[in-house]
Amino acid sequence: MAADLDEIRAMIESALPGASVEVVDETGSGDHLAATVAAPQFEGLSRIDQHRLVKAAVRERFEDGTIHALSVKTASLAS
Amino acid sequence: MADAELKQKVEELIAANPVLLFMKGTPEMPRCGFSMRVVQVLDTMDVEYGAVDVLQALQPLREVTAEISDWQTFPQLYVNGELLGGADIVEEMFDSGELAEALGVEQPDAAPEAATPAQAPPLQIE
Numbered sequence: 783m784a785a786d787l788d789e790i791r792a793m794i795e796s797a798l799p800g801a802s803v804e805v806v807d808e809t810g811s812g813d814h815l816a817a818t819v820a821a822p823q824f825e826g827l828s829r830i831d832q833h834r835l836v837k838a839a840v841r842e843r844f845e846d847g848t849i850h851a852l853s854v855k856t857a858s859l860a861s
Numbered sequence: 005m006a007d008a009e010l011k012q013k014v015e016e017l018i019a020a021n022p023v024l025l026f027m028k029g030t031p032e033m034p035r036c037g038f039s040m041r042v043v044q045v046l047d048t049m050d051v052e053y054g055a056v057d058v059l060q061a062l063q064p065l066r067e068v069t070a071e072i073s074d075w076q077t078f079p080q081l082y083v084n085g086e087l088l089g090g091a092d093i094v095e096e097m098f099d100s101g102e103l104a105e106a107l108g109v110e111q112p113d114a115a116p117e118a119a120t121p122a123q124a125p126p127l128q129i130e
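These protein sequence lines map, in sequence, to chains F and H.
Residue 788 in the numbering used here sits at position 6 of the first sequence, with consecutive numbering throughout.
Residue 18 in the numbering used here sits at position 14 of the second sequence, with consecutive numbering throughout.
These aren't lab readings, by the way, just hints derived from the structure by calculation.
All C-beta atoms, glycine included, are put in the ideal place defined by N, C-alpha and C.
Zero decoy hints are in this set.
Some chain H residues well away from chain F (every beta-carbon gap over 12 Å; in silico): (1) ALA6; (2) ALA8; (3) LEU10; (4) ALA19; (5) ASN21; (6) GLU32; (7) TYR53; (8) ASP57; (9) GLN60; (10) ALA61; (11) PRO64; (12) GLU67; (13) GLU71; (14) ALA104; (15) GLN111; (16) PRO116.
Below, simulated SDA-like cross-link-like pairs (lysine to any residue); rule was C-alpha separation at most 25 Å, straight line: (17) H:LYS11 to F:GLU845; (18) F:LYS837 to H:LYS28; (19) F:LYS855 to H:ASP113; (20) F:LYS855 to H:GLU96; (21) F:LYS855 to H:ARG35; (22) F:LYS837 to H:SER73; (23) F:LYS855 to H:GLN111; (24) H:LYS11 to F:ARG841; (25) H:LYS11 to F:ARG834; (26) F:LYS855 to H:ASN84; (27) F:LYS837 to H:MET5.
Model the full structure from these sequences, guided by the hints.
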């Protein structure tokens, strides 16, 4: 089942209020997505912790098999 | 629950190797495009690193790294005992110069060798 890109984006936005989020389907198969996220919550965090926040926001969709891969790019909004 | 003995071995490896890469395949023959990308980055840095082929015990190692670092996908690059990240983070940090800083080396002039499109070899079941 292909992921609903809007739903994935909404999940990240609701986990990280104020974030700017873009989600694209990398392969056209709907299960390998790429997210670009800029969030105020990232300020002062290492990249791995920034990625952990994004992955945690969509964990449910990994666990139910909707998405297999999510490549993440993060930026701190404040920087 | 991760296997306690394996977890201890992994913790010892991480402690003993200042730069340690958990990857699919070997640096000479990566078996996954993401692992290959990290190897290419590391090879452009003048740094020695240890490499563990996770395909020997993929699922048990996922369980171990989930407990140690809250991270289950490979590759994983550890520097001085801390998980730095997977392919995305390593490439981002390479581009920004943060990787050279973390490794304590000079930022190389050359970009990593252009990666061929990430594609698994045919007939490989994963």
